[in-house]
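Asker: Spelled out from the first residue to the last, the chains are:
Number of protein chains: 2
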Amino acid sequence: MEITKHTFNEQLDSILTAIEESTFLAIDGEFTGLDAEGCSHIAPFDTPEERYLKLRHGSTDFMLIQFGLCAFKVDEEKRIYEAKPYNFYVFPRPSSRNAPDRRFMCQSSSLDFLICNGFDFNKLIKEGISYLSLEQEHKMKAELERKHAEQKNRSASSVLSPDGANSKKMPLPVPDDQKEFLTDICERISVFLEGDDEELKLQSCNAFQRKLVYQTVEEKYPLVHLQTKTGEKKERFLVVQRAKDAEDLEKKEQEKQALEKMELDLQVGFTKVIKAITKSGKLVVGHNMFLDIIHSMNQFHSVLPYNLVDFKAMVKTVFPRLLDTKLLANTPPLKDFMTYTSLNDLQETMQSKPFSPVPVKPAPGFDLYNSGSVALHEAGYDAYITGCCFATMCKFL
Amino acid sequence: MEITKHTFNEQLDSILTAIEESTFLAIDGEFTGLDAEGCSHIAPFDTPEERYLKLRHGSTDFMLIQFGLCAFKVDEEKRIYEAKPYNFYVFPRPSSRNAPDRRFMCQSSSLDFLICNGFDFNKLIKEGISYLSLEQEHKMKAELERKHAEQKNRSASSVLSPDGANSKKMPLPVPDDQKEFLTDICERISVFLEGDDEELKLQSCNAFQRKLVYQTVEEKYPLVHLQTKTGEKKERFLVVQRAKDAEDLEKKEQEKQALEKMELDLQVGFTKVIKAITKSGKLVVGHNMFLDIIHSMNQFHSVLPYNLVDFKAMVKTVFPRLLDTKLLANTPPLKDFMTYTSLNDLQETMQSKPFSPVPVKPAPGFDLYNSGSVALHEAGYDAYITGCCFATMCKFL
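Protein chains in written order, with the UniProt record's numbering: chain A, 1 to 397; chain B, 1 to 397.
None of these hints come from the bench; they were simulated from the model.
A portion of the hints provided could be inaccurate.
Note that identical chains are pooled: a pair holds if it fits in a single copy or bridges any two copies.
What the hints assert, rightly or not - Calculated cross-link-like contacts (lysine-lysine; reagent style DSS-like; alpha-carbon spacing at most 30 Å):
| # | residue 1 | residue 2 |
| --- | --- | --- |
| 1 | Lys-335 | Lys-211 |
| 2 | Lys-147 | Lys-312 |
| 3 | Lys-326 | Lys-234 |
| 4 | Lys-234 | Lys-123 |
| 5 | Lys-272 | Lys-141 |
| 6 | Lys-179 | Lys-335 |
| 7 | Lys-123 | Lys-275 |
| 8 | Lys-179 | Lys-279 |
| 9 | Lys-252 | Lys-211 |
| 10 | Lys-395 | Lys-353 |
| 11 | Lys-73 | Lys-141 |
| 12 | Lys-139 | Lys-353 |
| 13 | Lys-54 | Lys-233 |
| 14 | Lys-312 | Lys-73 |
| 15 | Lys-335 | Lys-252 |
Since the model is a prediction, treat every value here as computed from it, not as a measurement.
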């Protein structure tokens with residue numbers, strides 16, 4: 001099931017339930033690139049520490065843009081697994097002015113590879129689900145609380161001393177070339193206040209002009225409520241509303257603050273899925289999953305530590321139980337039955353003796369990958385195949 | 001007119017003619033991002049040198065992905081300009097194994113902004129026109145010539161000494177687990193040689209296996225020609241053809257080399273347009289064009305120098321005559337008639353007194369931006385508007 005920002009919130013509860021009820025989970029990621037230019041490549045005899053540091057240095061500038069999650073649930077009676085594969089497009093859209101505006105690296109060949117395999121970059125950028133690392137979320141929450149507390153103090157002090165002189169900042173001087181603009185805005189607001197319209201949308205203007213409008217309105221129209229909004233083409237404009245009295249103004253301010261809290265919650269977005277995986281404590285399998293884990297930790301948890309021991313400890317707190325199917329396939333006794341261990345090859349090996357594939361059926365509403373449709377290199381599909389291979393290897397063992 | 005890799009080659013001649021016949025050219029670019037994280041911003045009192053170094057450092061990791069070019073040609077008789085606006089999607093697709101695989105930075109907010117303004121990222125990655133900087137082109141040409149000369153020497157020496165012992169490298173030892181694979185390939189080739197098929201496509205296999213196949217075939221089948229090809233999903237496979245005799249084999253090798261030269265020419269792609277602008281010596285105008293020029297030099301010419309004097313000298317060799325309409329609008333006597341000088345604002349100012357817009361009509365086949373359709377922030381449209389404003393300012397002066 002493909003999940004974008006349009007379907008994420010309505011599907012979230014059922015996703016969390018699928019995680020909670022699963023026997024095990026399989027994951028996979030797609031990235032904007034694999035190795036930074038001029039970076040030393042992984043060598044066969046690198047120590048695990050060297051390997052971690054090389055990957056940390058060479059890959060974390062790239063970004064995970066598709067997260068595949070497949071929840072497998074065993075039906076003991078029918079001896080079958082039920083699978084719920086999800087394919088999440090994730091994109092760090094800075095949906096508010098305080099949200100981080102992430103810079104990330106792309107590798108031409110990787111984008112070319114992804115688009116040849118059906119990846120939709122327009123969907124990614126337009127409809128990708130937002131996320132914040134735990135670190136960013138905590139910082140933004142603290143910042144919002146500070147801002148709301150400051151606004152509370154300010155309106156309290158303006159009640160105590162009507163001119164609010166102590167708490168107000170020095171007003172901005174109005175440049176000559178802005179006077180006509182401000183006079184025009186004031187006239188429009190005066191006309192609006194005499195009319196019946198619910199709200200007045202002002203023409204889009206730049207950040208400096210918006211500051212001047214806020215300052216002028218606060219001074220001239222104590223019962224007018226202003227809000228900055230962003231249009232479809234990213235232009236920013238002001239919306240004017242009237243308040244009946246100080247109480248109504250306060251209520252409007254409360255509503256605005258509630259909206260800002262909701263926006264922050266929306267921005268946390270996909271990270272809620274990662275938190276649910278953590279909370280469930282379920283086994284998470286992946287195929288050649290070191291990069292998936294590195295990117296997941298970096299994007300959804302926090303900046304990566306500079307040594308492997310700390311990294312391992314951090315991973316434990318997010319994914320307490322991990323298993324790599326490539327590692328499993330390359331370890332005796334399975335090793336003896338494998339020639340190649342790419343996901344594609346592993347899937348083929350699992351179809352023939354001595355293995356016998358464990359039956360897996362998609363849960364109702366999840367028929368995306370049934371009936372032999374192949375979507376290799378789509379994260380949701382790769383997670384699904386990884387889980388199927390894992391179940392078959394387990395049965396064999 | 002939108003130009004992608006599908007239409008580029010058929011349109012190239014008419015594009016070059018439009019440049020050559022123009023009175024002046026206007027350009028504009030769209031980028032994957034604007035300012036790197038933690039980079040010092042441009043300050044009003046920065047010297048030009050400081051400004052250049054800050055932009056060089058903070059922006060060249062990003063990439064120009066859309067190049068707008070509008071050729072304006074005056075019709076003295078009718079006192080009108082005819083405009084040919086082109087909108088090029090450009091993407092450094094590594095179309096051969098030797099082509100550079102560029103890493104570049106993106107800024108979330110910039111991608112978000114572009115997609116809200118109608119930018120098509122799937123088209124960019126799937127259909128963007130390739131390009132090479134002059135530097136890269138020279139390097140790849142030299143490399144290809146070296147490779148072809150080496151092949152020539154090799155076939156000449158194998159004629160002189162049939163076992164070719166002096167020129168051949170040591171053969172790769174065949175690992176045990178690859179013997180079955182090679183036996184299977186040889187059987188398939190033997191069957192193919194006895195049949196009538198034109199060519200035989202072998203299953204896709206990895207780089208090491210391809211090397212083994214090349215080595216085995218060269219040894220066992222002196223009249224078989226092998227070629228590596230890339231499939232739709234980026235998988236690489238081998239194609240087997242039979243040769244009648246040594247001469248036919250040589251002819252097939254020649255054809256392969258001609259194809260490789262053609263591929264390099266295709267890879268030069270959009271850079272041909274920049275070369276044509278240089279050659280024409282025409283005046284090039286742009287609005288706030290410093291970033292456009294920095295990116296154009298970096299992508300289509302060579303790595304940028306570390307000081308402004310050298311940069312200016314380099315720009316002169318590519319764009320001998322440049323004029324920035326924002327600078328023009330901010331300079332007396334025009335300065336007195338301007339409040340704001342964003343492209344959008346400038347366009348509005350040009351519609352009212354004391355200015356009177358110069359009539360511009362799109363050339364036949366170029367009605368994209370006629371009849372009031374607005375596509376602001378599409379490079380081709382912005383170049384068109386910039387040229388219109390320039391023409392009006394010139395008339396006023």
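Asker: Now tell me, hint by hint, if it's right for this structure.
Answerer: Status of each hint after checking the structure:
no., hint, result
1, Lys-335 <-> Lys-211, "between (67 Å within a copy, 25 Å between copies)"
2, Lys-147 <-> Lys-312, "neither (36 Å within a copy, 47 Å between copies)"
3, Lys-326 <-> Lys-234, "between (45 Å within a copy, 22 Å between copies)"
4, Lys-234 <-> Lys-123, "both (18 Å within a copy, 22 Å between copies)"
5, Lys-272 <-> Lys-141, "within (15 Å within a copy, 52 Å between copies)"
6, Lys-179 <-> Lys-335, "between (78 Å within a copy, 19 Å between copies)"
7, Lys-123 <-> Lys-275, "within (24 Å within a copy, 35 Å between copies)"
8, Lys-179 <-> Lys-279, "neither (57 Å within a copy, 49 Å between copies)"
9, Lys-252 <-> Lys-211, "within (19 Å within a copy, 71 Å between copies)"
10, Lys-395 <-> Lys-353, "within (13 Å within a copy, 83 Å between copies)"
11, Lys-73 <-> Lys-141, "neither (36 Å within a copy, 57 Å between copies)"
12, Lys-139 <-> Lys-353, "neither (54 Å within a copy, 51 Å between copies)"
13, Lys-54 <-> Lys-233, "between (40 Å within a copy, 28 Å between copies)"
14, Lys-312 <-> Lys-73, "within (28 Å within a copy, 65 Å between copies)"
15, Lys-335 <-> Lys-252, "neither (66 Å within a copy, 43 Å between copies)"
Against the hints set out earlier in the document, violations occur for numbers 2, 8, 11, 12 and 15.
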